[in-house]
Amino acid sequence: MATGLDSWLKQATRKLAKDSVTQVRTEITEHYESALDAAIANGATSQHAHKSALDALGDAKTANCQYQRVLLTSAEARMLREGNWEASALCSRPWLKWLLPVPPALALALFLTGQLAVARDVFVCCIGMGPLLLAPFLPIRTRARGRVFRLVKWLALTTALALLFGPQALKWSWLLISCLWPLAWTEWRRASIRRKLPLASWPKHLYF
Amino acid sequence: MNFKGTLPTLILEALLHEPSHGYRIAQSIKERSHGVLDFKEGTLYPALHKLENEGMVESYESVENGRSRRHYRITRSGRGMLTKDRAEWRALSRAVTTILGEA
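Chains Z and S are the protein sequences, given in the same order.
Per the numbering used here: the first sequence = residues 1 to 208.
Per the numbering used here: the second sequence = residues 1001 to 1103.
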């Protein structure tokens, strides 16, 4: 009958991260053993005790859906491990952060030399990319600051795209959607992780 | 009986007087409702994890009858939430009773 519990656990832990699987396996096994002990103490046969303990757990698919809402999935755990690309790209190459002021300076230089169209495009790129590249250096360590940063990030991106495409934005919507899709997906995944992890264990990139 | 959405409140109530482990929490809810709230126990732990993520309960390992068990205890925020939920439930229950009582 332990195979019954094994297959229940296999189904209930589908798509969950390794740590989450271990946690679920431990707590459900403990629960199952307690139910088994109680049933045997009440005079049930071993076979009946196993059956009633398993029935009491309910549908494994339903449990899996609920676990996926509160525990990290394997995809989310991977994102948590590897999702710090902004900081790792910039902080591991200290010379890169000195290049950050170059694009705005270039835009200013182009503006001063009268190349207005190019200056405008470079400036728009600075607005769009600025929040993404500056994020690792900003003191964002609270939930409220994180919210403000995310709002500013999306406002900057939308403004940059509106300035870049202007009235043509609708015509190029396919390009805009395909460019913004990975960002929106990452944003959605991070929001899901934020819901599941207590604030104390948030890595810095989760605030962005 | 379908009591969707009230499980977290019932868990907090079960933990109000003493810390407990998952199995005991489930049995306490079933016994105190005289078997009316007969929910599937596999759904108890996701609710407990959610409460833990929200800081309403905290967990710790403890040995009971020679077995290591994860116990849960209600936090200060959890008590506050329970008081609020209780008041909301009483208001809702009064309103529904008033309407059904009129029929």
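Read the hints as simulated data drawn from the structure, not as lab findings.
Heads up, some of the hints might be wrong.
[Unchecked claim] According to the in silico footprint, chain Z covers these stretches of chain S (three or more CB under 8 Å from chain Z):
#1 1045-1059
#2 1072-1083
[Stated by the list, open to error] In silico negatives: residues of chain Z with every beta carbon more than 10 Å from chain S:
#3 Asp59
#4 Leu170
#5 Lys196
#6 Lys204
All of these numbers come straight from a predicted model, not from anything done at the bench.
Think of the CB as a built atom: it goes at the ideal place given N, C-alpha and C, for glycine as much as any other residue.
A quick look at each hint next to the structure:
{"no.": "1", "hint": "1045-1059", "verdict": "holds (count 8)"}
{"no.": "2", "hint": "1072-1083", "verdict": "violated (count 0)"}
{"no.": "3", "hint": "Asp59", "verdict": "7 Å, violated"}
{"no.": "4", "hint": "Leu170", "verdict": "41 Å, holds"}
{"no.": "5", "hint": "Lys196", "verdict": "6 Å, violated"}
{"no.": "6", "hint": "Lys204", "verdict": "19 Å, holds"}
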